[in-house]
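Throw the hints in and build the complete structure from the sequences for me.
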Amino acid sequence: MRFFGISDLHLSFTKPADPANWEQSELHKPMDIFNPEWYRHYQKIYDNWQALVQPDDVVLLPGDISWATRLEEARHDVDYLGLLPGTIYAVPGNHDYWWQGIAKTRAFVPGNVKLIQNDHALVGDTAICGTRGWTCPNSHQFTQQDEKIYKRELIRLENSLRSIQGRPGEIIVLMHFMPTNENHERSGFIDLFCRFNVSRVVYGHLHDRARNYRLPDEAWGIKFHLVSADYLNFSPVLIKEQ
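Start counting the sequence shown at 12; every next residue gets the next number (the numbering used here).
Among the hints, a few may not be true.
Calculated pairs, DSSO-like style, for lysine-lysine (alpha carbon to alpha carbon, straight line, at most 30 Å) [said to hold, decoys possible]: (1) K55 x K26; (2) K26 x K125; (3) K115 x K234; (4) K125 x K55; (5) K162 x K125; (6) K26 x K40; (7) K159 x K26; (8) K115 x K159; (9) K125 x K115; (10) K115 x K40; (11) K55 x K162; (12) K40 x K125; (13) K159 x K125; (14) K234 x K159; (15) K26 x K162; (16) K162 x K115; (17) K251 x K125; (18) K234 x K251; (19) K40 x K55; (20) K251 x K40.
If you're looking for bench data, these hints aren't it; they were derived computationally from the structure.
The following block contains the structure:
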């Protein structure tokens with residue numbers, strides 16, 4: 012079994028995705044309006060995913076799955092995930108407004124998609140925890156409202172980590188946001204990672220020039236993996252083998 016990672020799919024299908032007929036795809040927010048490298052990014056992701064991922068593999072998906080603002084609007088986007096091999100473990104990103112009550116959202120997604128919120132999933136001896144995360148203190152333009160959300164996300168992460176029973180072989184945390192500010196100052200998220208012996212953190216959110224702010228591959232004794240789709244050339248990256 013292998014663990015892959017990719018985030019920031021930014022899907023916006025307005026009709027079912029058809030891998031045999033990508034040119035007929037219809038999107039309400041095509042990503043290539045921001046950068047031409049995103050042209051038909053959903054096809055690139057699909058092709059690379061199919062080439063790399065086997066049915067018994069795991070894909071870690073830390074957020075920004077769909078541009079939809081309501082659950083039903085995300086129908087074709089989550090069905091696209093159902094076309095892909097492997098079991099997907101996901102947390103929401105800042106654009107995943109469609110992700111609402113967790114029970115309702117879990118019932119909505121395909122069977123190969125598992126959502127993490129205030130809990131964890133155990134895959135073999137690996138515990139997968141996570142939360143969306145948020146902008147961290149001392150970030151540029153950090154506000155009082157940001158602080159409220161940041162503190163709430165700390166609680167959600169701690170709930171997720173505390174839900175683990177026993178001692179797994181490894182703990183992986185999924186977060187959409189990088190768990191520090193752009194200066195990589197230690198945050199409350201890092202404190203929790205260290206306290207609960209988290210070994211890896213898989214995150215996204217950073218695009219274009221913001222990718223220059225990514226964390227080093229290892230810090231505080233933790234391995235960090237940036238998996239934004241465009242950073243990975245729209246191909247899932249191997250995180251580890253088990």
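(message) Between the alpha carbons of K234 and K159, is the straight-line distance 30 Å or under?
(response) Within the cut-off at roughly 27 Å; holds.
(message) Can you confirm whether the C-alpha distance between K115 and K234 stays at or below 30 Å?
(response) violated (33 Å)
(request) Take a quick look at whether K162 and K125 sit within 30 Å of each other, Cα to Cα. (result) This hinted pair holds, its Cα atoms lying about 25 Å apart.
(request) Please work out if K26 and K40 have their alpha carbons no farther apart than 30 Å. (result) holds (13 Å)
(message) Would the hint linking K55 and K162 be met if the CA-CA limit is 30 Å?
(response) Outside the cut-off at roughly 37 Å; violated.
(message) Just to be careful, I want the Cα atoms of K251 and K125 compared with a cutoff of 30 Å; is the pair within it?
(response) With Cα atoms ~19 Å apart, K251 and K125 stay inside 30 Å; holds.
(request) Starting from K115, check that the Cα of K40 is at most 30 Å away, please. (result) holds (25 Å)
(message) Holds or violated: K251 and K40, Cα atoms, limit 30 Å.
(response) Distance of about 33 Å is beyond 30 Å: violated.
(message) With the threshold set at 30 Å, check whether the alpha-carbon distance from K234 to K251 stays at or below it.
(response) holds (11 Å)
(message) Hinted pair, alpha-carbon criterion (30 Å max): K40, K125. Please report holds or violated.
(response) holds (25 Å)
(message) Hinted pair, alpha-carbon criterion (30 Å max): K159, K125. Please report holds or violated.
(response) holds (27 Å)
(request) Verify the proposed pairing of K40 with K55, using a straight-line Cα cut of 30 Å. (result) holds (17 Å)
Taken one by one, the earlier hints fail for this structure at numbers 3, 7, 11, 15, 20, listed in ascending order.
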